[in-house]
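Enquirer: Each chain, letter by letter, is given below.
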Amino acid sequence: MVEQIRQKVNHYIDLAFLTLWQTFEGFIYEVGDVFSFGAYSLKTFFSKPYRFKEFVQQMEFIGNKSIFIVVLTGTFTGMALSFQVYLGFKMVNATSLTGPIVAMGIARELGPVLTGLIVSARAGGAMAANLGSMRVSEQIDALEVMGVEPQEYLVAPRIWASIIALPLLTGVFDFVAMIGSYFLCIRVLEMDEAIFWDKTALWLNPAHINEGLIKGAVFGAVFSLICTYRGFNTKGGARGVGDATNRGVVLSMVMIIILDFFLMNLIEVYYKWTA
Amino acid sequence: MAQENAIEIIDVKKSFSEGDYVLNGINLKVPKGKITVIIGFSGTGKSVLLKHILGLLKPTSGQIKVLGKDIASMGDEETIKMRKHFGVLFQYAALFDDMTVLENVQFPLKEHRKDLSKSQIKEMAFEKLKQSGLDEKHYNKLPGEVSGGMRKRCGLARALALDPDILIYDEPTTGLDPILTEMVDNLILSTHNHKEDTASLVVSHDLHAAFRIGDYVAMLDSGKVLLHGPPKVFLESDNPLVARFVSKGVNKK
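Chains as they are written, first to last, in my numbering: chain L, 1 to 275; chain Y, 1 to 253.
Excised from the complex, chain L in its bound form:
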């Protein structure tokens, strides 16, 4: 009896490890697929025929059409963060540091991360859904049989536009978040305007802003790569499109948050190394 239970337990432990290994193996294969898909797509952008028109269209969709939502979230994030920081510093009589701390937090962390999350939800979801529906309605096959390389025509302009649009949107987010912070600190909390700007200018240096912009470019590459890959490889009908969109957006968001931590450390190490 005891021996039977022991065997059963061993069997389930084996099964658990096997499942874990298979999941890990599948993940590694998929990561490899995503990278080769991305590398090929990015490379095709620099070979004829050049897809400048499609690139501009994607810049308009990813960049221009995200400005409103980025401005809106940026302004309120700037105000909310300022208020929290102000309350914290008030306890230690250091409210004059509210401006620079908010500026650094926005430029280095919240700017790129929130912009990445907002744009990946909006544009990434649309990319996955668009490519997915093109796949299931045979539009991608139609491109192929017309002698048009679909990755070059559909994927490369989207990825490059995301890589370029995201840092620009991050810059917009940083700017409006600081306007929001200024509005709250100076107009509502009646802090000293000169001290606010003086301390901010003293503490915030261009390297902090660059850090955010670099992160923005990486997040742009990550979300567009994941979402185009999911959409391009959609299987099945409408349900497949829904799955591709859902998985693309969720994975993009998770990856942005995880990558942010590693990028932060990597950039810190780089700055120390070059100092």
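Relax, there's no trap hidden among the hints.
DSSO-like cross-link-like pairs, simulated, lysine-lysine; straight-line CA separation at most 30 Å: (1) Y:LYS224 / Y:LYS69; (2) L:LYS53 / Y:LYS137; (3) L:LYS235 / L:LYS43; (4) Y:LYS114 / L:LYS43; (5) Y:LYS81 / Y:LYS32; (6) Y:LYS141 / L:LYS65; (7) L:LYS235 / L:LYS53; (8) Y:LYS58 / Y:LYS32; (9) L:LYS235 / Y:LYS84; (10) L:LYS53 / Y:LYS84; (11) Y:LYS84 / Y:LYS13; (12) Y:LYS65 / L:LYS48; (13) L:LYS48 / Y:LYS118; (14) L:LYS43 / Y:LYS51; (15) Y:LYS195 / Y:LYS69; (16) Y:LYS130 / L:LYS53; (17) Y:LYS114 / Y:LYS130; (18) Y:LYS110 / Y:LYS32; (19) Y:LYS141 / L:LYS53; (20) Y:LYS58 / L:LYS235.
Derived from the structure by calculation, the hints contain no laboratory data.
Based on these hints, arrange chain Y on the given structure of chain L.
Expert: Same frame as chain L, but now just chain Y:
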């Protein structure tokens, strides 16, 4: 004089998993200037064969000669070039839904005929749309705004845009009512008569249409060509599977 073949399929086998062949030694010739119809029950390998002809899949073994060149052994770049010789009408037309009807037909011309001016491209697209029987008032509509029959006509116009040597129709009448089915059949015939040296390959499970439009009919079963010849060969065949398919097809009509 021996008939020239646009497509020659020589002993093509395809296996997606070891030992399980979807195509199991297919031999088929698609002559120029004729309409060849491939028929068969669902799951007999018709769509897989079509993907091989278009170079979207590579066979496990065998050759697929398109205009004398083996598409199965070509590299990506050469395959893309070869595909310019094809015009394909997809089952649901596969029109780009963010482009108007006219833009859909202009698309292959813009991609491959860099020597033409914008007005020449527009003129050619108009000509193909007229040839497909689509009224001018629909040219600036999106595919979602026109009927299924009009989408088929637009899809055909797009397939004809580059004056292809080989026209492929993938299940052109599936899901259509009898009137639209007849319209599409007539469209295939009139298109074929318009440019007589074009090889037309129709993949269908509509036997009635196969007999009506096909110069040759090939029936697939279990990844092989069960019978190939003019339509009358099918009516005279004593193969039980062919007889069953023919009786079902004729009775259905």
